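**Student:** So you can see what is in the structure, the chains are spelled out below.
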Amino acid sequence: MSLVAEPSTRSSRRRRLPTGMRAKLFAYALVAPVVLLILGLVAYPFFFAIYVSFTDQVVGSVGKFIGFANFVYLSKSATFTAAIWNTVIIVLVSDGLKLVIGLGLALLVHQAIPGRGLFRSFLMLPWAMPAFVAFLTWRVLYQPIGGGINLVLTNTGIYPHVVDWLGQRQTAMGSVIAASVWRGFPFWFISILAALQSVPKDLYEAAHIDGANAWQRFWVVTVPGIRQVVIVTTLLSSIWTANGFEHVWLLTAGGPSDATMVFPVLAYFGMQTQRVGEAAAVSVAMLPILAILVIFATSLMMRDED
Amino acid sequence: MDDKPNSAARGWTRRRVLGTAASSLAIAAAGSFAMPAIAQSKKLTYWGGLIFSDEANKLLTDTINAWGAANGVATEVVMINQNETVQKVSAAVSSNTMPDALDLGLDLLLLLSRQDQFITLDDLYKKIGDAQGGWFEGTDKATDTTADAGGRTGIPFGVNGNLLLRRKDLLEPAGFTEAPKTWDDLVAQAVAVNKSPVSGLGLALSNVGDANVQVNVLQSYGGRIADDAGKKVTIKSEETRAYLTWLKDAWDKGIFPPGNTTWDGAGDNQAYLSGQAAFIANTGSVGIAAKKDDPELYDGSAFSPLPAGPKGTISPITPQTRAITKNSGAQDEAKALLEHLAQPEFMNAYFNVAIYGPVLKSQEKLSAFDGTNPILAGLLNLAKAGTAPAYPDVYNAAWADLSSNFIIPKMCQRVVVDGWDFDKAMDEAQTQGQIIYDKY
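Line order of the protein sequences matches chains E and L.
Residue numbers for the first sequence follow my numbering, beginning at 1 and rising by one.
Residue numbers for the second sequence follow my numbering, beginning at 1 and rising by one.
It is possible that some hints are incorrect.
No more than 16 Å apart at the CA atoms, straight line, and that leaves these computed lysine to aspartate or glutamate pairs for EDC-like [unchecked claim]: (1) E:K76 - L:E345; (2) L:K291 - L:E55; (3) L:K335 - L:D123; (4) L:K365 - L:E339; (5) E:K76 - L:D427; (6) L:K439 - E:D56; (7) L:K311 - L:D185; (8) E:K76 - L:D438; (9) L:K253 - L:E345; (10) L:K42 - L:D332.
Calculated directly from the structure, the hints in this document are not laboratory data.
As the structure is a prediction and not an experimental result, all values here were calculated from the model.
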């Protein structure tokens, strides 16, 4: 009896959950490991960093909760104020330049020109080069004595005096931005190029038949066609630039006189002082700026979808 | 039976997928926890401080491993870049994975001693000192952690500090056969040889540890960071103004190398080794590099103590120490290892390839310090006559914090980069310094 009855009992027990519900549960179970991983690897460190920023933790101790004391201390620091403005300037200027250069080159390479494939690969080289190598190379180029840029300027007579590109307030930020743009524009270039290739040719033909000139075709067909990609690229690139450490650290270490000090370098200095809570506060203080950026970009994308 | 396939046994059902996933997670979670100590064999992990000399790094590693082999102790030596010690120790403390013993500088020793991370080593300290003629006074005072940890937690093994390195091959033809005695002499000599591509005075003024030598110059002019209690910041003073006058005068003479306001830690090294600076203040690593890679430059160089200001010479020693962690399961073995590493035979060989001065009085008689090596001779002088860290200021956590924030080099940058007047630059340094001191 029992040999016959047991399977039917188990079967009736399984039927208690509706099929739809079981499918949902199964789906949740399948994604659960990934969700757990994300919680463990992303959410936990993120919220832990926020917590640490409200403590007086130093190396070797867990620290105690001190409210906003770290942020109050930072707000009094001239270096912190400099870091805010410098980070904003670097993000705005370098990403603006990356957009212009990336868009221009993408439009150029999108045309049917000889050696297009080779040209595309060549333009990706700065992006492929390790950041460490790229920025050390730029540092050598900027050297006042023996640096490539000064050699070219003085030997060609364009500018006869040696310029301390990284050592003067007037030129340090521009030099950092130039190196950052050189390294980062290929990402914009390839993203925009991919978007350009997805714009239907019919639209251009229709616009052409309607008598639109090149500028009008660009403004009415190209721009709407690549708009979404540009927004996403802006978002990603801005976050990477704002969080970027190597370009400033390897070129100027935030100097001279805090002229290029940015959040990540300031946070690194915080770690050097062994005050983990303060270092975390520097990083957390950057969140509102990035949050504004993300909200702005997201709202633009949602408006497009609407 | 064969007509109805047993899916649970042969196929991938939902239940089996879930079960497998759960089991995998459980195994992964279990694997992330440390195995009980009883299941592990006793092993001594040592974090050595990686220095510029490959020979010194290898000698330390080989000596520890040889000691382990001779004493039946499994050893693992990990050489840690000294610039990354703070980050690595921070992570190790948080994850409870500190090594059994490690090399560390005075700042970190004091900080971690306050956190009760190390065992006290008073007996070992006394034993080693008694056996080798006692400790040099500066080292003895600087490494005393009794007030913070209830006893000594570090065994010093070497001191370093800044020596003045000069191009005598350029200076002697210009009529300067002696090392500069004062900072004014230094500027005069630097001006005499300041001709492109050589800049006279290769001192860093950037956000880097090397630039904190400016604190020593400031103090030699009578300036102070804080009062005797180590609480109230006193940067703004007539003495600091006198120091800034000296600095601005030197800057206006054009004797600093271009780029020195953004140099990294290797900036002065590279400037000297590439023949672009006639003077630098350095721990001696540049001398070792020159001896190996550019013997001609080495032969044309000379070493001397830092010059004096109107109030005397400020030339602080920086002791390096070895400590044993409280969570070590091999504390007795680690103590024996530290005693072994203090033996004259090893230390003589180590001093010859490293860049440290002696800490024990009998080490003065080691062949390493017989005068044939000018760098080591300079470091011996530093060990005997160097000033205590921060002297005449109080060496405390606030001082270390202020130094790590480069308040004085930044004051210099305000004057020479931004063209601020002295009062404005001093006011900012005073305010920023007091904000730091107020935290403690």
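**Student:** All hints, please: hold or fail.
**Tutor:** The hints, checked one at a time:
A distance of roughly 53 Å separates the Cα atoms of K76 of chain E and E345 of chain L; the hinted pair therefore is violated under the 16 Å criterion. In summary, the hint linking K291 of chain L to E55 of chain L is supported, as the alpha carbons are separated by about 14 Å, within the 16 Å threshold. Of the supplied pair hints, the one linking K335 of chain L and D123 of chain L holds, its CA atoms being roughly 10 Å apart against a limit of 16 Å. A C-alpha spacing of about 19 Å is found between K365 of chain L and E339 of chain L, which places the hinted pair above 16 Å, so the restraint is violated.
Only pairs whose Cα atoms come within 16 Å are accepted, and K76 of chain E paired with D427 of chain L is accepted, the gap being roughly 14 Å. Restraint check for K439 of chain L and D56 of chain E: the C-alpha separation of about 10 Å stays at or below 16 Å, so the hint holds. Using a Cα cut-off of 16 Å, the hinted pair K311 of chain L and D185 of chain L holds, with the two alpha carbons roughly 15 Å apart. Distance hint between K76 of chain E and D438 of chain L is fulfilled; the C-alpha atoms sit about 12 Å from each other, no more than 16 Å.
A threshold of 16 Å between alpha carbons decides the hint, and for K253 of chain L with E345 of chain L the separation of about 49 Å lies outside it, so the pair is violated. Annotation: proposed proximity of K42 of chain L to D332 of chain L holds, straight-line Cα distance about 12 Å (limit 16 Å).
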